[in-house]
Amino acid sequence: MPRRSVLTDAQAEALFALPTTEADLIRYYTLSPADIAVVARRRRPHNQLGFAVQLCALRYPGRLLRPGELVPPQVLSFVADQLDLPPDALAEYATRSQTRYDQLEALYAIYGYTTFSQPIRREIAKWLLPVALVTTSGMVLAGLLMEELRRRTVAAPAASTIERLVATALLQAERHVERQIDAALTVEQREGIDGLLVERPDTGMSLLAWARQPPGATGHRAMTRLIEQLSVLRTLGIDPAIRESIHADRVHLLIREGSRLSSQHLSALAPLRRQSILTMTVLETITRLTDDIIGMFDRLIGGLFRRAERRAVETIHANSRAMNDKVRLLARVGEALIDARGKGTDAFAAIEAVIPWEKFKAAVAEAGELTRDDGTDYTALAATNHALLRRVGPMFLDSFSFHGIAGVGALLNALALMRTFYAGSRRNLPKGLPTGFIRRTWRAAVLRDGINAPAYELCLFVELRDRLRAGDVWVAGSRQYRAVEDQLVPKTLFSTMKLAGPLPVAVQEEAIGYLRERRELLEERLRQVDGQAAKQLLPDVKVNGTALKISPLQAVTPEAAEQLADRVQAVMPRVRITELLAEVNRWTGMMECFTHPRSHQPGDDPRVTLTAVLADATNLGLTRMAEACNVATYRQLAWAAGWHLSEENYGRALARVTAAQHAHPLSAWFGDASVSSSDGQHFPLGGQGEVAGAINPHKGSGPAISFYTWISGRYAPFHTKVISVSEGEAAHVIDGLLYHGGEVHISVHHTDGGGVSDHVFGLCHLLGFRFAPRIPNIANRRLHTFGPASTWPALEPFITARIDEAMISTHWDDLLRLATSVRMGTVPASLMLRRLGSYPRQNGLALALREVGRIERTLFTLDWLDDPMLRRQATAELNKGESRNALARAVCFHRLGRLRDRTLESRQHRASGLNLVVASIILWNTVYIDRVIRFLRGQGEDIPDNLLPYLAPLGWQHINLTGDYLWAESVKLDKDGYRMLRTPTERLKT
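Under numbering that gives the first Met the number 0, the residue at position 239 of the sequence shown is numbered 238, and the numbers go up by one with no gaps.
Everything labelled a hint here was simulated from the structure, so no lab data went into it. Honestly, I wouldn't trust all of these hints.
Unchecked claim - No more than 30 Å apart at the CA atoms, straight line, and that leaves these computed lysine-lysine pairs for DSSO-like:
| hint | residue 1 | residue 2 |
| --- | --- | --- |
| 1 | Lys325 | Lys360 |
| 2 | Lys534 | Lys548 |
| 3 | Lys342 | Lys325 |
| 4 | Lys358 | Lys342 |
| 5 | Lys325 | Lys358 |
| 6 | Lys342 | Lys360 |
Stated by the list, open to error - With beta-carbon atoms standing in for the labels, derived distance ranges:
| hint | residue 1 | residue 2 | range |
| --- | --- | --- | --- |
| 7 | Met868 | Trp586 | 27 to 37 Å |
| 8 | Met868 | Arg526 | 15 to 25 Å |
| 9 | Glu647 | Ser789 | 54 to 64 Å |
| 10 | Glu647 | Gln171 | 18 to 28 Å |
| 11 | Gly620 | Arg390 | 35 to 45 Å |
| 12 | Leu895 | Thr545 | 45 to 55 Å |
| 13 | His595 | Pro32 | 42 to 52 Å |
| 14 | Lys548 | Asp23 | 49 to 59 Å |
Cβ coordinates follow ideal geometry from the N, Cα and C atoms, glycine included.
I would like the entire structure built from these sequences, with the hints used as guidance.
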């Protein structure tokens, strides 16, 4: 018998529950005329109703009613109405047990149902195994089992029997996968895999632990270590194709177990299980190391240019006094020469009157030394960094096999020749090296008097970096840098989907129809806005020739709303953050989502899991949290964090809190649930975390990361992700709209200037989102049209070019395939947008998406000029995000808000924990603000509904976020199960 349970009590109850919603009742419990005729043969109303309800229960969920079971009133009413019987007639049903047995026998005979006998059990067990191979969820498998029993018209056995069958099938599936992996390994590979658990003398850690170390600070030493780690794992010779024959959920489970178990724990496992976990862990680590090495190579090359820029700035600062002296001298000499020409006197004498001739010559020579060429001096940059390139370049080229499109043939040939050169002993570059990949800006530095070796090598690696970013060059075995064609939906599948239709996109499937519809709309909007601009009728917008000015929005919050907010805050109950989370968990059951990856069961004590979440959210860490809480030791918190806190679990828990927030009646006053905004929040890094951070000089001088968060119009922060502060936010905008995993359906999305790009405009439109950012300096953003600019004279100064319809038409299928791939999750939107943004200008897909984006940006700009409510809505939604960020900053305050996590996974957990706690605070505030308003109205206060939209559930003055994180054994609640409000009497008691 399996040693673990796979269903919680709540899951088992839901599996056997009778439906109660009207849609489900109509679907499952509608009786046919034949059914009603069969029911009519029963004597007396209570027997007829009981027979019909038993029939419905057998059909769904597929079980018998238990003796004495209370049938939901919705079921009784729905079935009784069809029979013209009173629902309370069931009260007399089965007062004689023999009547019940007789009716069950009749049901079995008439409708062909059978009991769950031993032969059927054996058949079902065989049927379950292949199904269990494609899922790791006990609830999913139990649901499929119940569906199969209904299909076979077999009455379901008890819940304990269902659970045993499911647990057995899951265990058999695990053993099957283990044997499958073992069969694909050789004896040498098994020995090598077990050797990963042996401690290395030079590091004091096992080979596996050493190979899984995070990348560390960018540099040639770190890259050398990463390449060495990759080489060690590659020597095992494990075929990556092993993963392809195993379902992704099972692969993910094995990988997660491998990342959580130490070498000691792995050594204690049975051989088959240990080697299956280690095999998947090795393959995943090879993929991660491949991406880490290429990413570090990218940062190394970028670092060369950033250091050169810093040196140039430092040189300018160091020479600022000398430069200023030369400028003053130029001004004085210039004035003297102008005066001499006006008077007709000798120019040389005029100069010598200002400065002696010899000093003038010296000043000119010194000025010449201070001058620098415009742009980067590639020759000097290459010479300075040639030693570093010679350390990094050879081992980087040796580590990977590069492939690319036809247009990068010269680059690939150069890489192959340089790999051979580095492997030899020659000091000078070979003759006949390809130069076709060298861009025009590099040619002067590389091809001056033959080939300049340092400049050629630097140019080669810069071009390789750019082509890897764009996807023109890819690496076998990489996840992030694989071929773009492999990341999209296969062309054959896309063609089949298009024929079957409709595609999961929001535009017409033919380019001609799309272009006709957008042309008509754009020209109509241009005509309207041009007419208003010519008459100066655009609200708060002035257009004068080439000047366009939009007046700032005025605050519209009434004083009465501010007074109401203060009044509400005064009555809100005081609460500890631990008690708040426990209350939200009682409302939403969010802790049920934090399940173990193998058993799919939540932790025994939800307070321990919540404490681990708080350790993430507050940045306190597990060690200090164990000292500050009263429910768990460090080991208990570490276990909960390691096995129950995952991105999937955080996402499911957040979805529950978000659904509760959107469902609350008060939140409807806050805004539209289909409108959202997103913004990034920077968090500085400290300690060991600094080595893996990036620096954005516009955001601070130290290393940091950004938590990019999406929040709905009803204040629900429904998604968050960690991004680098050195990259733009625009590429990530769509991720949260598609991959949040909850029941959030966004139609309009706002961002600030950091999230704006034509590619985002275009892809948002293809996916059905209206992208409505607050664009900075919108007057400098030019419009694009289908016709000549002169057609709209008032707007002509702001129109720059015409839409390239041919480009869109040529690549329309590629655009639809891209949008389909992103919508289906085949490839993340952020990855594709980053690659398209890195493409050379001649790439057709990138240019076509840009043209679509230009159409949508122009339409949006016209709406922005014409609609002050759109401008006000964008500002209001972005303000919600900024206020939410202030609350997040108050929660994540330990260690001065400096994060010390070294790995991306740890940082993502930190962001997700923080977002879940913030969302819980927002929900708790919403619930109690509603109770306060109802209380105040009950006291006779006049609170008009039009003031409710100005309230925000983002305050934290009444929440104790600091100090000990203690969990109360009991809390005083009112008759409705809520905390007592801080009425004048309660405040006096306090």
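A quick look at each hint next to the structure:
1. A C-alpha spacing of about 12 Å is found between Lys325 and Lys360, which places the hinted pair at or below 30 Å, so the restraint holds.
2. This hinted pair checks out: Lys534 and Lys548 have alpha carbons roughly 15 Å apart, not beyond 30 Å.
3. A threshold of 30 Å between alpha carbons decides the hint, and for Lys342 with Lys325 the separation of about 25 Å falls inside it, so the pair holds.
4. For the suggested pair Lys358 and Lys342, the alpha carbons sit about 25 Å apart, so the restraint of at most 30 Å is met.
5. Straight-line distance between C-alpha atoms of Lys325 and Lys358 comes to about 12 Å, which keeps the hinted pair within the 30 Å bound.
6. A C-alpha spacing of about 25 Å is found between Lys342 and Lys360, which places the hinted pair at or below 30 Å, so the restraint holds.
7. Range check, Met868 to Trp586: Cβ separation about 34 Å, and the 27 to 37 Å hint holds.
8. Our hint of 15 to 25 Å for Met868 and Arg526 holds, since their Cβ atoms are close to 21 Å apart.
9. Here the CB-CB span from Glu647 to Ser789 is close to 56 Å, well matched to the stated 54 to 64 Å.
10. Take Glu647 and Gln171: their Cβ atoms lie about 24 Å apart, and the range 18 to 28 Å holds.
11. Between Gly620 and Arg390 the beta carbons are some 37 Å apart, a value that agrees with the proposed interval 35 to 45 Å.
12. The hinted range of 45 to 55 Å is satisfied by Leu895 and Thr545, whose Cβ atoms lie roughly 48 Å apart.
13. About 50 Å separates the C-beta atoms of His595 and Pro32, a value consistent with the hinted range of 42 to 52 Å.
14. Lys548 and Asp23 have their C-beta atoms about 57 Å apart, which keeps the hinted 49 to 59 Å range intact.
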